[in-house]
Amino acid sequence: MKNKISIVCVCLILVMQTAFSQEKKAHNPLIFSDVPDIAVIRVGKNYYMSSTTMHMSPGLPIMKSSDLVNWKTINYAYDTLADMPELNLTEGKSTYGRGSWASSLRYHKGTYYVTTFAQTTGETYIFKTKDIEKGNWERVSFKPSFHDHTLFFDEDGKTYLIYGNGKLKIVELNDDLTGVKPGTERVLIENATAPAGEKIGLPSEGSQLLKVNGKYYLFNICWPSGGMRTVVIHRADNINGPWEGKVGFQDLGVAQGGLIDTPDGRWFSYLFRDYGAVGRIPYLVPVKWENGWPVLGENGKVPETLDLPANKSLIPNLVDSDEFNRKKGEPALPLTWQWNHNPDNSLWSINDRKGYLRLKTGRIDTDFLLARNTLTQRTIGPTSTASTLLDVSKMKEGDFAGLSALQKDYGLVGVKIENGQKSILMIGANKGKSTEEQRIDLKQNQVYLKIACDFTNKKDEANFYYSLDGKKWEVIGKTLKMTYTIPHFMGYRFGLFNYATKEVGGYADFDWFRINY
Numbered sequence: 001m002k003n004k005i006s007i008v009c010v011c012l013i014l015v016m017q018t019a020f021s022q023e024k025k026a027h028n029p030l031i032f033s034d035v036p037d038i039a040v041i042r043v044g045k046n047y048y049m050s051s052t053t054m055h056m057s058p059g060l061p062i063m064k065s066s067d068l069v070n071w072k073t074i075n076y077a078y079d080t081l082a083d084m085p086e087l088n089l090t091e092g093k094s095t096y097g098r099g100s101w102a103s104s105l106r107y108h109k110g111t112y113y114v115t116t117f118a119q120t121t122g123e124t125y126i127f128k129t130k131d132i133e134k135g136n137w138e139r140v141s142f143k144p145s146f147h148d149h150t151l152f153f154d155e156d157g158k159t160y161l162i163y164g165n166g167k168l169k170i171v172e173l174n175d176d177l178t179g180v181k182p183g184t185e186r187v188l189i190e191n192a193t194a195p196a197g198e199k200i201g202l203p204s205e206g207s208q209l210l211k212v213n214g215k216y217y218l219f220n221i222c223w224p225s226g227g228m229r230t231v232v233i234h235r236a237d238n239i240n241g242p243w244e245g246k247v248g249f250q251d252l253g254v255a256q257g258g259l260i261d262t263p264d265g266r267w268f269s270y271l272f273r274d275y276g277a278v279g280r281i282p283y284l285v286p287v288k289w290e291n292g293w294p295v296l297g298e299n300g301k302v303p304e305t306l307d308l309p310a311n312k313s314l315i316p317n318l319v320d321s322d323e324f325n326r327k328k329g330e331p332a333l334p335l336t337w338q339w340n341h342n343p344d345n346s347l348w349s350i351n352d353r354k355g356y357l358r359l360k361t362g363r364i365d366t367d368f369l370l371a372r373n374t375l376t377q378r379t380i381g382p383t384s385t386a387s388t389l390l391d392v393s394k395m396k397e398g399d400f401a402g403l404s405a406l407q408k409d410y411g412l413v414g415v416k417i418e419n420g421q422k423s424i425l426m427i428g429a430n431k432g433k434s435t436e437e438q439r440i441d442l443k444q445n446q447v448y449l450k451i452a453c454d455f456t457n458k459k460d461e462a463n464f465y466y467s468l469d470g471k472k473w474e475v476i477g478k479t480l481k482m483t484y485t486i487p488h489f490m491g492y493r494f495g496l497f498n499y500a501t502k503e504v505g506g507y508a509d510f511d512w513f514r515i516n517y
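Going by this note's numbering, the first residue of the sequence shown is number 1, and it counts up by one from there.
Heads up, a few of these hints could be off.
[What the hints assert, rightly or not] Calculated pairs, DSBU-like style, for lysine-lysine (alpha carbon to alpha carbon, straight line, at most 35 Å): (1) K167 / K128; (2) K288 / K360; (3) K312 / K458; (4) K328 / K128; (5) K130 / K199; (6) K93 / K458; (7) K328 / K471; (8) K169 / K72; (9) K327 / K301; (10) K312 / K396; (11) K72 / K288; (12) K72 / K327; (13) K93 / K408; (14) K443 / K408.
[Unchecked claim] FRET-style restraints, in silico, Cβ to Cβ: (15) N136 / N174: 47 to 53 Å; (16) N46 / D307: 17 to 23 Å; (17) K25 / K130: 50 to 56 Å; (18) D156 / R363: 20 to 26 Å; (19) D344 / E185: 22 to 28 Å; (20) M228 / N136: 39 to 45 Å; (21) T366 / A332: 56 to 62 Å; (22) E503 / R439: 48 to 54 Å; (23) A332 / R363: 19 to 25 Å; (24) N419 / N457: 24 to 30 Å; (25) T366 / N46: 46 to 52 Å.
It should be emphasised that the hints constitute simulated quantities derived from the structure, not laboratory data. In this text, all values refer to a predicted model and were calculated from it rather than measured experimentally. C-beta: ideal position from N, C-alpha, C; glycine also.
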C-alpha cells in the first residue's frame, strides 16, 4: 500500500513539475491577435518587428522585444500614408483591404530601414531612422508598387528589392534608395512555387531574404490547391543564382516569414497562421541546420511550447484600456490605438472635456464603414471583451455613437437619436448588408456598452450588451457570426464611433475604454 501511495505521489510531483515548467516556457501562438506579415530583426540583444495594418492610421507598426516572445508597440513608420479620398474616407471611397502591406525591416550601418508598398497609391515606400524607438522616420517613395518585396543590403554595397508573385523578380536601387537603377530589373526565379507541386492556388509571394554563412536564403509562402499554406525556401551561393528550392514547412497552415537568431546562437522561424475572424496570428518554430538548409519545426510540426521565456499579457503593450486621462507631455492617444483610415483631426479631442474622448460630427454619413474617426484596437483570442461608458447628452438628431466590432460583417451596439428620442441599438452586418436587430428606449444620458468576442477553435462569435448602471448587463440583439473577409483583409477590431445621418455639430463623449481577455 505504501509503495502504491509513493508511486502516486511521484506521478503527481512529475505532473506538477511538467505543468510548472510549461508555464515558464513560451507557447504558440506567440500572439493571439492580428499581427500579420511580420518581419523581425535583432540588433544586439533587442529584437524589432514590423507588421501590416493596411488601411489603419498611424500605420506600419514597429514593435520591440527583449526575449523574442513578448512584444511592445514602440513606433509607427507613418501617421498617414497619403492624402487622398480612398485613405480619407471621402467622396464615398475607401481602401479596405489595401493600404500598406508586407513590410521589410532592416538594420544597416547604424540606420534602421522599413519598406512597404501600397496598391492604393501605386508606390513603394522606404522609411529610415537612426532611432527606431524615438526618432522620426525619413520617407522616400517611388513608382511602381513592388508587391511583397524584401529589401536587401548585400556585402558588395549594392541594395536590392526582390518582389513578385510566382515569378520573382529583382531590381537594384540607386545609392540613396530614392528609386530603381534603370535597366536592373530581371527575373530572379521563373517559378518559385515549383517545389510545392503543379496544382497551386496561391503562387509564391511574401519574399524575405537573408544571408547565412555566405549563402542566400529566400523564404516565400504558397498555397497548393487542396492543401495548406506552405513555406518554400530557395538558396543560392550568388544572389543572381542559380537557385535551388524545396518545401520548407507544411503544418497547420503556419507560413510566411523568415529566420531570426538569438544572441546565444539558436535559430527560429517567425511565421503566421490564418485563424478565422481574429485575424492572422504569429507563431515561432525552432530551426536546426542540416546540410546547409534550415529545418523548421519539431519533426516537421509546430510545437505547443518553446524554450523561450513565457508569454505575458498583451495588455498593455499591444492593446490596452484607456481612461482618457492625460498627464502633461503625454501623447493624445497611446500607440495601442489606430484610426480606421485617416482621421479628421478637427473632429476629435481628449482636451475638450477632461477624462473623456470626444468624437464630433462634421458631415453626413449613412454607412458605418464610410464614417470617419472610428478609433480602433485589436481583438484578442481566444476570448476578449471591450466595454465603454458613453455620454449621449450632446448628440443631435440622427447621430449614432457607440462600440463596434469592425470588419465587413460588423456588429454595433450604440445609441441613436431619432425624433428626439434616444434608443440603444444593436446592428449586425451579413455579407455587407446591415440589419437592426433590436432597439430599446433610453431614458438617461449615460449608458454602458460591451462586446464579447469568442474566437475559441474558430467559433468566431460576438455578443452585445448594455447596462444602465454598470452592474447589471443585458444582452441586446443577436449573436454576430464574425467572418474574416478578403475585402477587409484584417482581423476584427473593437472600435469607438460616432457619425451623423441628419445634421452635424453634435458630439459623443466616451468616459473610458476597457479591454480584457
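Structure-based check of all given hints:
Our distance criterion of 35 Å between C-alpha atoms is met by K167 and K128, whose separation comes to about 29 Å. Straight-line distance between C-alpha atoms of K288 and K360 comes to about 55 Å, which puts the hinted pair past the 35 Å bound. At roughly 22 Å between alpha-carbon atoms, K312 and K458 fall within 35 Å of each other, so this suggested pair holds. For a cut-off of 35 Å, the pair hint linking K328 to K128 stands: about 29 Å separates their Cα positions.
With a C-alpha separation of about 45 Å, the suggested pair K130 and K199 falls outside the 35 Å cut-off, and the hint is violated. Distance restraint check for K93 and K458: the Cα-Cα separation of roughly 31 Å lies within the 35 Å cut-off, and the hinted pair is therefore satisfied. As the CA atoms of K328 and K471 are separated by approximately 33 Å, the hinted pair is consistent with the 35 Å bound. At most 35 Å may separate the alpha-carbon atoms for a hinted pair to count; K169 and K72 meet this at roughly 34 Å.
Proposed proximity of K327 and K301 is contradicted: the alpha carbons are some 48 Å apart, above 35 Å. For the hint linking K312 to K396, the alpha-carbon distance of about 43 Å lies beyond 35 Å, and the restraint is violated. About 28 Å separates the Cα atoms of K72 and K288, which keeps this hinted pair within 35 Å; it holds. Restraint check for K72 and K327: the C-alpha separation of about 21 Å stays at or below 35 Å, so the hint holds.
In summary, the hint linking K93 to K408 is supported, as the alpha carbons are separated by about 15 Å, within the 35 Å threshold. Note on K443 and K408: the hinted pairing holds, with a Cα-Cα distance of about 32 Å set against a maximum of 35 Å. For N136 and N174, the Cβ-Cβ distance of about 23 Å falls outside the hinted range of 47 to 53 Å, so the restraint is violated. A hinted range of 17 to 23 Å for the beta carbons of N46 and D307 is consistent with their spacing of about 20 Å.
Look at K25 against K130: about 36 Å separates their beta carbons, and that is not inside 50 to 56 Å. Checked against the hint of 20 to 26 Å, the pair D156 and R363 fails, with Cβ atoms roughly 54 Å apart. Distance hint check: the CB atoms of D344 and E185 are about 40 Å apart, inconsistent with the given range 22 to 28 Å. Between M228 and N136 the beta carbon distance is about 41 Å. The supplied range of 39 to 45 Å therefore holds.
Separated by about 29 Å at the C-beta atoms, T366 and A332 break the suggested range of 56 to 62 Å. For the hinted restraint 48 to 54 Å between E503 and R439, the CB-CB distance of approximately 21 Å leaves it violated. Remark: the range hint 19 to 25 Å for A332 to R363 is upheld by a beta-carbon distance near 22 Å. Evaluation of the 24 to 30 Å hint for N419 and N457 yields a failure: the beta carbon distance comes to about 44 Å.
Checked against the hint of 46 to 52 Å, the C-beta distance between T366 and N46 comes to roughly 47 Å, which is consistent with it.
When held up to the earlier numbered hints, the structure conflicts with 2, 5, 9, 10, 15, 17, 18, 19, 21, 22 and 24 and fits the remainder.
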